[in-house]
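Residues 39 to 298 in my numbering are what the sequence shown spells out, letter by letter.
Please keep in mind that the hints were generated in silico from the structure rather than gathered at the bench.
Built from N, CA and C at the ideal position, the CB exists for glycine as well.
Be aware that one or more of the hints could be misleading.
FRET-style restraints, in silico, Cβ to Cβ [as the list claims (entries may be wrong)]:
1) D109 / H70: 31 to 37 Å
2) N117 / Q76: 19 to 25 Å
3) I63 / A137: 25 to 31 Å
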Amino acid sequence: MPISENSHECFVNNIMETDRYIRQIKSHPEFHQGKLSQAVVLIVGLGGLGSAAAMYLSAAGVGNMILCDYDTISISNLNRQILYSETEVGQKKVKIAVAKLSRINPDNLYIQLDEKFSRKTSMPSPAATLILDCLDNFQGRVDLAEFAFQNNIPLVHGAIHGFQGQMTFYMPGLSACPVCIAPDEMIEDNTVSPAVGPCAGFIGSMQALETIKYFTGIGDLFINRFMLFNGLTGCFQELKVKADPHCPACSNETVQKEDN
Numbered sequence: 039m040p041i042s043e044n045s046h047e048c049f050v051n052n053i054m055e056t057d058r059y060i061r062q063i064k065s066h067p068e069f070h071q072g073k074l075s076q077a078v079v080l081i082v083g084l085g086g087l088g089s090a091a092a093m094y095l096s097a098a099g100v101g102n103m104i105l106c107d108y109d110t111i112s113i114s115n116l117n118r119q120i121l122y123s124e125t126e127v128g129q130k131k132v133k134i135a136v137a138k139l140s141r142i143n144p145d146n147l148y149i150q151l152d153e154k155f156s157r158k159t160s161m162p163s164p165a166a167t168l169i170l171d172c173l174d175n176f177q178g179r180v181d182l183a184e185f186a187f188q189n190n191i192p193l194v195h196g197a198i199h200g201f202q203g204q205m206t207f208y209m210p211g212l213s214a215c216p217v218c219i220a221p222d223e224m225i226e227d228n229t230v231s232p233a234v235g236p237c238a239g240f241i242g243s244m245q246a247l248e249t250i251k252y253f254t255g256i257g258d259l260f261i262n263r264f265m266l267f268n269g270l271t272g273c274f275q276e277l278k279v280k281a282d283p284h285c286p287a288c289s290n291e292t293v294q295k296e297d298n
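Construct the complete structure from the given sequences, taking the supplied hints into account.
In structure tokens form, the structure reads like this:
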């Protein structure tokens with residue numbers, strides 16, 4: 039029976055997809071590329087963390103990526119925000135990010151959110167099933183965590199300060215949130231924090247790895263485990279954390295009060 043032109047095209051596309059992802063498919067007997075192609079990830083913040091995470095997730099074949107950032111590219115971004123170049127200074131990060139990621143992997147869907155994320159941000163369709171916190175300020179992280187917990191969306195947190203980095207996985211109903219862990223840090227700090235490029239790249243890569251593990255169901259997530267990284271010594275520390283049942287940001291009683 040002759041193969042139709044459409045069947046041949048589908049066969050060729052399947053071969054190309056297998057070739058593109060063959061090395062990660064072989065990484066684990068339960069690795070399912072189709073789960074990544076159907077995933078919907080919201081990345082909030084396209085700076086040092088977001089650049090690395092977005093590039094790796096795009097290359098890995100995460101099929102739907104919502105990119106949220108309201109800022110423009112500045113010269114001081116370029117030591118760590120590897121999505122951008124000097125010729126793009128002054129342009130919108132989200133616009134340039136989508137253009138670059140589309141060249142890395144044109145098979146994915148990229149959706150732009152050119153705005154500062156808030157708890158009132160309207161989610162586009164398809165709706166995100168996982169959020170990456172790649173922000174650079176504590177209050178923004180709190181707002182994002184409250185949004186995630188109230189909408190029952192898992193959240194992968196990352197942050198750096200100079201040579202220091204941290205990462206954890208917030209799972210609504212099962213884990214602590216940023217306010218549970220550090221309630222005294224809720225005061226906004228407007229000072230410019232130091233940032234070393236490779237440290238941002240490392241933490242952003244770890245966020246991407248947690249994302250891949252979550253959607254494929256492989257490995258152990260950093261739920262109620264807080265990873266601290268010291269780039270000066272190359273040492274890691276893991277802290278065990280737990281939710282505060284009376285947390286003003288994520289507790290059930292807080293959500294019920296707001297609903298009423």
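Requested in this report: Taking the numbered hints from earlier one at a time, note which ones the structure violates and give those numbers from smallest to largest.
Outcome: 2
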